[in-house]
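Colleague: Numbering (the numbering used here), first residue to last: 10 to 378.
In short, the hints are calculated from the structure, not lab data. Heads up, some of the hints might be wrong.
Result set (DSBU-like, lysine-lysine): computed pairs, CA atoms no more than 30 Å apart in a straight line [as the list claims (entries may be wrong)]:
{"no.": "1", "residue 1": "K185", "residue 2": "K290"}
{"no.": "2", "residue 1": "K81", "residue 2": "K188"}
{"no.": "3", "residue 1": "K296", "residue 2": "K215"}
{"no.": "4", "residue 1": "K279", "residue 2": "K203"}
{"no.": "5", "residue 1": "K250", "residue 2": "K223"}
{"no.": "6", "residue 1": "K188", "residue 2": "K126"}
{"no.": "7", "residue 1": "K217", "residue 2": "K279"}
{"no.": "8", "residue 1": "K107", "residue 2": "K365"}
{"no.": "9", "residue 1": "K296", "residue 2": "K279"}
{"no.": "10", "residue 1": "K290", "residue 2": "K250"}
{"no.": "11", "residue 1": "K314", "residue 2": "K250"}
{"no.": "12", "residue 1": "K250", "residue 2": "K169"}
{"no.": "13", "residue 1": "K215", "residue 2": "K81"}
{"no.": "14", "residue 1": "K296", "residue 2": "K235"}
{"no.": "15", "residue 1": "K250", "residue 2": "K334"}
{"no.": "16", "residue 1": "K135", "residue 2": "K188"}
{"no.": "17", "residue 1": "K221", "residue 2": "K107"}
{"no.": "18", "residue 1": "K235", "residue 2": "K169"}
{"no.": "19", "residue 1": "K126", "residue 2": "K185"}
{"no.": "20", "residue 1": "K215", "residue 2": "K235"}
{"no.": "21", "residue 1": "K217", "residue 2": "K107"}
{"no.": "22", "residue 1": "K185", "residue 2": "K223"}
{"no.": "23", "residue 1": "K185", "residue 2": "K296"}
{"no.": "24", "residue 1": "K235", "residue 2": "K250"}
{"no.": "25", "residue 1": "K334", "residue 2": "K185"}
{"no.": "26", "residue 1": "K135", "residue 2": "K250"}
{"no.": "27", "residue 1": "K334", "residue 2": "K235"}
{"no.": "28", "residue 1": "K135", "residue 2": "K203"}
{"no.": "29", "residue 1": "K365", "residue 2": "K203"}
{"no.": "30", "residue 1": "K314", "residue 2": "K221"}
{"no.": "31", "residue 1": "K334", "residue 2": "K314"}
{"no.": "32", "residue 1": "K314", "residue 2": "K301"}
{"no.": "33", "residue 1": "K290", "residue 2": "K302"}
{"no.": "34", "residue 1": "K126", "residue 2": "K203"}
{"no.": "35", "residue 1": "K169", "residue 2": "K215"}
{"no.": "36", "residue 1": "K296", "residue 2": "K217"}
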Amino acid sequence: MSHRKSNCWNFCVILIVSAVFLYAHATISVADDSSTTSLFFPEDIRTQFANSFPIALGSGLAYAGTTEDGAKLFYALTDSGPSSAPAACSIEVVNAVKNFIPLYGLIELKGGRAQVKWLRPLRVEKGIDPEGIALAPDGTLWIAEEQEPSLLQIEIDTGKVLQRLTPGDGIPEILKERKGGKGFEGLTISESGKMYAVLQAPLDIKGKTYSKSKLIRVLEYDLRTKESQMFGYDISGQRYKGADEVKLSAIESLGAGRFYVLERILSGGKAEFTLQLMQVKNATPLKQKKKKKEYEFKKSPFGQKVLPVSRETIHVFTAFAADAKPEGLAVASPDEVYVIEDNDFGIAAGSKCFHKDVPTRIHTFSPQK
Numbered sequence: 010m011s012h013r014k015s016n017c018w019n020f021c022v023i024l025i026v027s028a029v030f031l032y033a034h035a036t037i038s039v040a041d042d043s044s045t046t047s048l049f050f051p052e053d054i055r056t057q058f059a060n061s062f063p064i065a066l067g068s069g070l071a072y073a074g075t076t077e078d079g080a081k082l083f084y085a086l087t088d089s090g091p092s093s094a095p096a097a098c099s100i101e102v103v104n105a106v107k108n109f110i111p112l113y114g115l116i117e118l119k120g121g122r123a124q125v126k127w128l129r130p131l132r133v134e135k136g137i138d139p140e141g142i143a144l145a146p147d148g149t150l151w152i153a154e155e156q157e158p159s160l161l162q163i164e165i166d167t168g169k170v171l172q173r174l175t176p177g178d179g180i181p182e183i184l185k186e187r188k189g190g191k192g193f194e195g196l197t198i199s200e201s202g203k204m205y206a207v208l209q210a211p212l213d214i215k216g217k218t219y220s221k222s223k224l225i226r227v228l229e230y231d232l233r234t235k236e237s238q239m240f241g242y243d244i245s246g247q248r249y250k251g252a253d254e255v256k257l258s259a260i261e262s263l264g265a266g267r268f269y270v271l272e273r274i275l276s277g278g279k280a281e282f283t284l285q286l287m288q289v290k291n292a293t294p295l296k297q298k299k300k301k302k303e304y305e306f307k308k309s310p311f312g313q314k315v316l317p318v319s320r321e322t323i324h325v326f327t328a329f330a331a332d333a334k335p336e337g338l339a340v341a342s343p344d345e346v347y348v349i350e351d352n353d354f355g356i357a358a359g360s361k362c363f364h365k366d367v368p369t370r371i372h373t374f375s376p377q378k
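Hey, can you work out the whole structure from these sequences and the hints?
Modeller: Below, the structure written as structure tokens:
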């Protein structure tokens, strides 16, 4: 069986088994049964970036299957790179920042060692800021980026963009109203061939709804029919203090309309990360076309009763350091969850140049135990 066909078979079987298991085993875990390892880059990649900055291959993570010898494979990617070079950096580093192109790669995790097998540039235009990645049944990759925001289909072997979906051209136009820098943050593809992308935060329609809104949009896009719809993720509870204090970092399909969502909440200057079990089964599609107001769950300005996606906290992460930025999520089985941290390219505070010793960490969790 070819590697690509094996990936697709693993993709479908894992999602179906996950859905059956989770239906009967949704519990909350507050203590991490976890292990952590740092990414190892082979010498050719280390040499290539020796005079620049650490590669931050932690913006997104997608499970790609298991090899015959038991190694777990993942696709991962960087974001658009550092916005600028600190004052103390050399001209080589300044040029590296200026010319940086988003990267994606394959990670092999075996025996507690996570090694980058290869790294390739995405052949995308300037301004694309990748944040989520998913492996499709046809063997291509889809990437969610937050600036437009947009969804891009990528050829794995070349990094070539096969198609791009943008607001008003493939996906709902109202997504243009995303808050600056807070567009698509996570992406997954279900066993039914539907793609789901989560925004990081509420929309800011006409610059007036961001701070007041109590919902974050979840996009559903059918890869077969090209049709899309959106649902609302409720952030009206007491644990949510405001739009700036909540962030949806990643989403992963478990099959049968069930998903894991990686959620971050800031409280008292500290970040709490939880794994939410989300379902879209009874949620109301958000269908308005006029871009004036945002939906509300209790009293909708559009005269429509709106039900959000249902969800429950099933895991509270305790293994992350205070300054950690977990941003990628992948599921190999219901009790085998992987989270990757974004090291932000080792960006240093003040006038210092990039830190060279900042690793990219992958954590393995068992939320069902």
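Colleague: Look at each hint and say if it fits the structure.
Modeller: Cross-check of the supplied hints:
no.	hint	in the structure
1	K185 with K290	holds, 26 Å
2	K81 with K188	violated, 36 Å
3	K296 with K215	holds, 18 Å
4	K279 with K203	violated, 35 Å
5	K250 with K223	holds, 10 Å
6	K188 with K126	violated, 36 Å
7	K217 with K279	holds, 27 Å
8	K107 with K365	holds, 18 Å
9	K296 with K279	violated, 36 Å
10	K290 with K250	holds, 27 Å
11	K314 with K250	holds, 24 Å
12	K250 with K169	violated, 41 Å
13	K215 with K81	violated, 45 Å
14	K296 with K235	holds, 16 Å
15	K250 with K334	holds, 20 Å
16	K135 with K188	holds, 20 Å
17	K221 with K107	violated, 37 Å
18	K235 with K169	holds, 21 Å
19	K126 with K185	violated, 36 Å
20	K215 with K235	holds, 27 Å
21	K217 with K107	violated, 34 Å
22	K185 with K223	holds, 18 Å
23	K185 with K296	holds, 15 Å
24	K235 with K250	violated, 36 Å
25	K334 with K185	holds, 26 Å
26	K135 with K250	violated, 35 Å
27	K334 with K235	violated, 33 Å
28	K135 with K203	holds, 28 Å
29	K365 with K203	violated, 40 Å
30	K314 with K221	holds, 19 Å
31	K334 with K314	violated, 36 Å
32	K314 with K301	holds, 18 Å
33	K290 with K302	holds, 25 Å
34	K126 with K203	holds, 29 Å
35	K169 with K215	violated, 34 Å
36	K296 with K217	holds, 19 Å
Checked against the numbered hints above, the structure breaks hints 2, 4, 6, 9, 12, 13, 17, 19, 21, 24, 26, 27, 29, 31, 35 and satisfies the rest.
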